[in-house]
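What follows is the residue order along each chain.
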Amino acid sequence: MAELEAVIGLEVHAQLLTRSKMFCGCRAEYLGLPPNSNTCPTCLGLPGALPAINRRAVEMTIRTALALGCRIPEFSKFDRKNYFYPDLPKGYQISQYDLPLSLGGHLEFEVDGERRSCGITRVHLEEDAGTLHHAGEIHTAKFSLVDLNRAGVPLMEIVGEPDLRSPREAPHYLRALRQLLLYLGVNDGNMEQGSLRCDANISLRPRGQREFGVKVEVKNMNSFRSLLAALEFEVRRQTAVIESGGRVHQETRGWSEAEQATVSQRSKEEAQDYRYFPEPDLPPLRVSRELVEELRAGLPEPPLRLKDRLLDQYGLSEDQAALLTERPQDAEYFQAMAAAGAPPRAAANWQIGPLQALCKESALAIEHSPVPAAELAALVRMVEAGEVSGTSGREVLAEAFASGRSPVELIKERGLIQVSDAEQMQAWVDLAIQQLPKAASDFQSGNDRALGPLVGAVRKASGGVANPDLASRLLRERLGRGGE
Amino acid sequence: MSLLDLSISELGRGLRAREFSSVELAEEALARVESLDGTLGAFLRTTPELALEQARAADRRLADGADPPALCGIPIGHKDVLCTKGVETTSGSRILEGFRPPYDATVVARLAQDGAVVVGKMNCDEFAMGSSNENSAFQPTVNPWNSERVPGGSSGGSAAAVAARLAVATLGTDTGGSVRLPASFCGVVGVKPSYGRVSRYGVIAFASSLDQVGPLAKTVEDAQLVLSSIAGPDRRDSTTAAAPVGDLARALQEGVRGLRLGIPREYLEAGLEDGVRGVFESACRWLEAEGAELVEVSLPSTQYALAAYYVIAPAEVSSNLARMDGIRFGPGEPRAPSLLEAYEQARNRGFGAEVRRRVALGTFVLSSGYYDAYYLRAQKVRTLVAQDFSRVFEKVDALISPTAPTPAFKLGERTQDPLAMYATDALTLPANLAGISGLSVPAGFTSGLPVGVQVLGPYLGEAMCLRVGAVVERAADVWRRVPAGFDG
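Protein chains in written order, with our numbering: chain A, 16 to 499; chain B, 3 to 490.
Just so you know, the hints here were simulated from the structure itself, not pulled from any lab data.
In this text the structure is predicted, and so the values were computed from the model without any measurement.
Mixed in with the good hints, there may be bad ones.
Computed list of lysine-lysine pairs in BS3-like fashion (alpha-carbon distance at most 25 Å, straight line) [to be verified]:
| no. | chain 1 | residue 1 | chain 2 | residue 2 |
| --- | --- | --- | --- | --- |
| 1 | A | Lys475 | A | Lys453 |
| 2 | B | Lys382 | A | Lys96 |
| 3 | A | Lys92 | B | Lys382 |
Sample of chain B residues at the chain A side, in silico, Cβ under 7 Å [to be verified]:
| no. | residue |
| --- | --- |
| 4 | Tyr203 |
| 5 | Ser211 |
| 6 | Glu318 |
| 7 | Leu368 |
Not close to chain A: a few residues of chain B, all C-beta gaps over 10 Å, as computed [as the list claims (entries may be wrong)]:
| no. | residue |
| --- | --- |
| 8 | Leu296 |
| 9 | Arg359 |
| 10 | Arg483 |
Here a beta-carbon is modelled for each residue, glycine too, at the ideal position from N, C-alpha and C.
Kindly produce the complete structure, drawing on both the sequences and the hints.
Shown next as structure tokens:
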């Protein structure tokens, strides 16, 4: 039997960071609020209430679609997707069926440094449902409570083409998409809290065959890791079915974190007929070319292009560039440091190293760092110029981070500027040799390890301000090993 | 003679001259409901506290002398599909029993702003589905002119209350004729505004793409005053037209001289009763005498309109009523072994037969595999119907026809035959499919029952409908006639 290959396509739902909900004036917030407190007749689905389209949500969707290279038709509409469920107060979800806001784009992403591209079928707009709180397990609970705070939050759906060929590609695709949404500022990228959700369609076919196999939809994966695990599980499961001569059934399966397996939820025969039809409460949406061009002009530089630029323009390493473009704010901070005159590679290391560590400790995003890019740049410049030791620099940064004071001021205040004055340095070097005659003679006779304590003595004699590089050079010269 | 026999402008003069107060007017209306509505059944409930509070406010406004709106202090009623804040609103359905909306429909709020005084909520066919008011879950309304006859539907309570002088004016909703038909059957004026002329926010939906709120009143002028109050764009209803409403009052004085009025051939065909034909023909003669030119026109798609309507409207119903889950509103907590059974139980008990029939019909026509054959095809017919009207309105200013092929029929006569009941709306529903303006005005009587003439105007042509309607009203001279038993 021919080797089997996986065919995978992802459907991603992203809540939009609008101020108000999709079809009413309620705030688009729901976490941590008292149940059903952020609601109105429209998002409660009360009899008589009507929707009105959130313009910002439409704009955010179009921006996303443009960033994915989609076409924006001039004419679009909303449709009703009808089904009964207690978290859906109207008995239908307002979504988009046959005339979505955008069609036909692609997403560039990387797998281990190799560039790939995946087609995007469409990006459309809909509304989120409420949330259910079961008194126990869903099937045995005596009752379930409905919270409609989330009902009506704008939800953008990004449907990917079945272009992925291995489970391993899926998390990379999703990471790239998440990164793009963060760059656009349209979604917060939080998969655990569900503001970014991912479903997958996966089928297998003999390599070389054009026709698709029978697809299975997998839901309920709320991390990159569970996405990978669920798809790898499905490949194993479907392979076993096919290799034992069976047929894969078209169905919807849910990923169970506890069982580390996908579990059948409903078969094709049980699939719902959503009875889509045009939403009569909303007029068709006409998207002017002017608006499209205006939104296109305001798009940020795409993450991968930015990464290429950081590589070219600043000579960063692949890893540095990748880390600094993870979020747009990271790249912004870095570029601000570079613009303030910090040597780029050093600046990158300071940002990725000590600064990120400090931010992580205090759970702060880098854009909220108490040390602004320009000030860190000044510190990096001093360290690179040898005016301050790296150790002092890190200490000062930590202090500046904690106190909100300027690192450069702290350096001056503490007298931490390294002394490189030759006469002064000679005096300290002489003193060190006097104090450690054994180390001096050891070094003279070829023991390199003896240099360390001598440099330490120079630093001690200077009260910590002697430039260590200069000290070791002078020690070498003084002890007759200057030429090495 | 009752104060409620007077027109709005007559009442306005009396209120301003302190001949009577708004409180007295409201009390008289409430007293008439109390004594006369028992057999009529036009009101599902009165709202005495609200009415007296609004009437006192109106009296203060009238006393301030700062030229209050024409409707200030006038007793009105709202069809029970209109959400009224804190006041039970059932749509004539068991499934909404006890539902007190936390908000006012836009039309309710606008009338309140203009000082109108709400005396109660009017009976109607359940969720406005019906042509006789016999589909109300609570009580039938009878025709004030003959208690063995229906008042028409679905705004039957609204029409009967005005005819019986229990309210000065009322609001109804017209999805396929539900304002015009009962207006014709009860001998009052009813306006169906163009789709989008009046906000649907807070109107419990029957068929969203067809529903319009319209006034029922004794005179064309009264109807115009109410329409002027409720019409116009509303940011809460995205389907409202942005165009300003303009001065509708002027239309009442303009006459019909020089107008070309079309008579749709298809509207005078099968099933037109002689008495109705006679009244309609007199109306035609009056209009000609007033200087209008009458021409026969054709609306060839008319024969398909009814079928298209009974695909599109139920399709929207099946979705609009999905929110009636029996859990969040309605009489009781469901006790069922599963979620699905809870829904089924609540909806089987809560919905009447006609509503269930239409939900089933609508669910079917939207189902995968049937959508193209039914819903999509019906939408194409709808486009053809609309094109018919656009074409004739290039040649004529308005269309005139009987509002219904017959006068009010007997209670129970059509309840066993849904198709016969549906056919009642044959002359009115094409206007809903096309979204154009229309009105029914009393033009005479046959065998003691009122007969209305329908005037159809172009999209946003409400002024034209009022203009023609006012001429028919003057010539017919019947609006002061009060049904026997309600003239005390």
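Reported absence of Arg483(B) from the contact zone with chain A (all CB gaps over 10 Å)
The assertion about Arg483(B) holds, with a minimum of 36 Å to chain A.
So, as I understand it, the hint says Tyr203(B) touches chain A; can you test that by seeing if any CB pair is closer than 7 Å?
holds (5 Å)
Hinted pair, alpha-carbon criterion (25 Å max): Lys382(B), Lys96(A). Please report holds or violated.
Between Lys382(B) and Lys96(A) the Cα gap is close to 22 Å, so the pair holds against 25 Å.
Closer than 7 Å between Cβ atoms is the bar; does Glu318(B) clear it against chain A? Give me holds or violated.
Check passed: Cβ of Glu318(B) comes within 6 Å of chain A, closer than 7 Å.
Using Cβ atoms only, decide whether Ser211(B) comes closer than 7 Å to chain A, and label the hint accordingly.
At 4 Å from the nearest chain A Cβ, Ser211(B) passes the 7 Å test, so the hint holds.
Straight-line alpha-carbon gap Lys475(A) to Lys453(A), limit 25 Å:
Cα-Cα ~18 Å, so holds.
At 10 Å, judged by beta carbons, does Leu296(B) keep clear of chain A as stated?
holds (36 Å)
Beyond 10 Å from every chain A Cβ: check whether that's true for Arg359(B).
holds (17 Å)
Given Leu368(B) was flagged as interface, is its beta-carbon under 7 Å from a beta-carbon of chain A?
holds (4 Å)
Restraint status (C-alpha distance of Lys92(A) to Lys382(B) at most 25 Å):
holds (18 Å)
No hint from the list above goes unmet by this structure.
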